[in-house]
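Just need the whole structure built from these sequences, with the hints factored in.
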Amino acid sequence: MILPFNFARIPHIIFGPGKLSELFEIIPKFGKNVLFVIGESSLKSSGKWDQIASELTHKSISYTKISIAGEPSPLLIDKSVQKFRSKSIELVIAIGGGSVTDAGKAISAMIHKTDSIKNYLEGIGTKVHDGNKIPFIAIPTTSGTGSEATKNAVISEVGPDGFKKSLRHDNLIPNVAIIDPELMISCPPSITAMCGMDAFTQLLESYVSSKRNPITNALAFSGLKFMSKNLMKVCSNESGDVKVRSAMAYGSLISGITIANAGLGIVHGLASPIGGFFDIPHGVVCGTLLSEATKMNIKRLQDNKLIGRDVLRNYAQVGALIAGKNYIDEEKIDDYCSILTKSLDNWTSQLELDRLGKYG
1 MILPFNFARI PHIIFGPGKL SELFEIIPKF GKNVLFVIGE SSLKSSGKWD QIASELTHKS
61 ISYTKISIAG EPSPLLIDKS VQKFRSKSIE LVIAIGGGSV TDAGKAISAM IHKTDSIKNY
121 LEGIGTKVHD GNKIPFIAIP TTSGTGSEAT KNAVISEVGP DGFKKSLRHD NLIPNVAIID
181 PELMISCPPS ITAMCGMDAF TQLLESYVSS KRNPITNALA FSGLKFMSKN LMKVCSNESG
241 DVKVRSAMAY GSLISGITIA NAGLGIVHGL ASPIGGFFDI PHGVVCGTLL SEATKMNIKR
301 LQDNKLIGRD VLRNYAQVGA LIAGKNYIDE EKIDDYCSIL TKSLDNWTSQ LELDRLGKYG
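Going by my numbering, the sequence shown opens with residue 1, and the numbers climb by one from there.
Among the hints, a few may not be true.
Here are the simulated BS3-like pairs of lysine-lysine, each with C-alpha atoms no more than 25 angstroms apart in a straight line [said to hold, decoys possible]: (1) K44 to K19; (2) K342 to K332; (3) K225 to K342; (4) K299 to K358; (5) K211 to K233; (6) K295 to K325; (7) K295 to K358; (8) K32 to K79; (9) K59 to K87; (10) K48 to K113; (11) K29 to K65; (12) K225 to K19; (13) K65 to K19; (14) K19 to K29; (15) K32 to K113; (16) K225 to K44; (17) K233 to K325; (18) K118 to K32.
No lab work stands behind these hints, which were simulated from the structure alone.
What follows is the structure, encoded as structure tokens:
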């Protein structure tokens, strides 16, 4: 029997190499006064921003841009909103990694508000956002958070009383997501590695979540298939292969869709408070914790086989996938779970992710 479930809407997805070019046909559908939110360096250093700016001028599209460094804070969002509230912005477009996307998403959601975003953050504020926003387009340049497909923006304040909380509403899902793997080719190896581990974590956690459903299972498994085959490739001598980048971009996109509908697990449960107390890249937290957290989950499920057999089977399916097997021998579920955890150990070691102790 298929149990009842809900499934949130997804953005209008435009996927594939060279698809950035379609942006300039989409913009006029929303308006001609655009705010671009971009990263501080990668888009500019790759020359892509100059190409975008030239085409905007050619199309007579009025635009303003701001650059975001690091994860967005309440202060950054509040100041940005205050600066642009009176500018009659008709469309917000974020081109960058997960932090840039979250910043753009938050600005589009708060530009009609007159108070601080803190008032609307889960676990911090007392207000619930009503979903009213300026149209928003997300264009990722990394394969990690899947924020181009989620309904939340993660906002951080780092320090002794720090936090990492979400502004959330179903309407905050981007109107359009343009995923062009060519934008990701210039992503540095260290960032590619941590982002890849973040996306894999999201896929795995949603695949074994208590909120999973047949749709999220099918999607997560397809994402896990592409990411498990291409993660090590993209972090080595195949980083410039657009096919490999496409596989990673697909996995990241799918991870956003599945976490928006099935939720996350213990790794992200720890990553949020750690990210609030320490200035540490989110992907580093996920990558370094995933193997041990998975071992703990599997051990707990093995101790409660009557309750956890279905979830163990899902873990085993991922292990079988990594091992190149198309099906699971029920008598070897524990063996496939072991293959999964050993593979995660190997990836963490080979990718040379920073250890958490480096950050405090």
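Hints, one by one, checked against the model:
1. Taking the CA atoms of K44 and K19, the gap is near 19 angstroms; set against the 25 angstroms cutoff, the hint holds.
2. Only pairs whose Cα atoms come within 25 angstroms are accepted, and K342 paired with K332 is accepted, the gap being roughly 15 angstroms.
3. With a CA separation close to 17 angstroms, the supplied pair K225 and K342 stays within the 25 angstroms bound.
4. About 29 angstroms separates the Cα atoms of K299 and K358, which puts this hinted pair outside 25 angstroms; it is violated.
5. This hinted pair does not check out: K211 and K233 have alpha carbons roughly 32 angstroms apart, beyond 25 angstroms.
6. Distance restraint check for K295 and K325: the Cα-Cα separation of roughly 21 angstroms lies within the 25 angstroms cut-off, and the hinted pair is therefore satisfied.
7. Note on K295 and K358: the hinted pairing holds, with a Cα-Cα distance of about 23 angstroms set against a maximum of 25 angstroms.
8. Restraint check for K32 and K79: the C-alpha separation of about 23 angstroms stays at or below 25 angstroms, so the hint holds.
9. For a cut-off of 25 angstroms, the pair hint linking K59 to K87 stands: about 20 angstroms separates their Cα positions.
10. Proposed proximity of K48 and K113 is contradicted: the alpha carbons are some 32 angstroms apart, above 25 angstroms.
11. Distance check on the hinted pair: K29 and K65 sit about 19 angstroms apart at the alpha-carbon level, within 25 angstroms; holds.
12. Distance check on the hinted pair: K225 and K19 sit about 24 angstroms apart at the alpha-carbon level, within 25 angstroms; holds.
13. Our distance criterion of 25 angstroms between C-alpha atoms is met by K65 and K19, whose separation comes to about 21 angstroms.
14. Taking the CA atoms of K19 and K29, the gap is about 17 angstroms. The hint holds against a cut of 25 angstroms.
15. This hinted pair checks out: K32 and K113 have alpha carbons roughly 22 angstroms apart, not beyond 25 angstroms.
16. A distance of roughly 33 angstroms separates the Cα atoms of K225 and K44; the hinted pair therefore is violated under the 25 angstroms criterion.
17. Taken as a hint, the K233 and K325 pair is honoured in the structure, with Cα atoms around 20 angstroms apart against an allowance of 25 angstroms.
18. Distance hint between K118 and K32 is unfulfilled; the C-alpha atoms sit about 30 angstroms from each other, more than 25 angstroms.
The structure does not agree with the numbered hints 4, 5, 10, 16, 18 stated previously, though it agrees with the rest.
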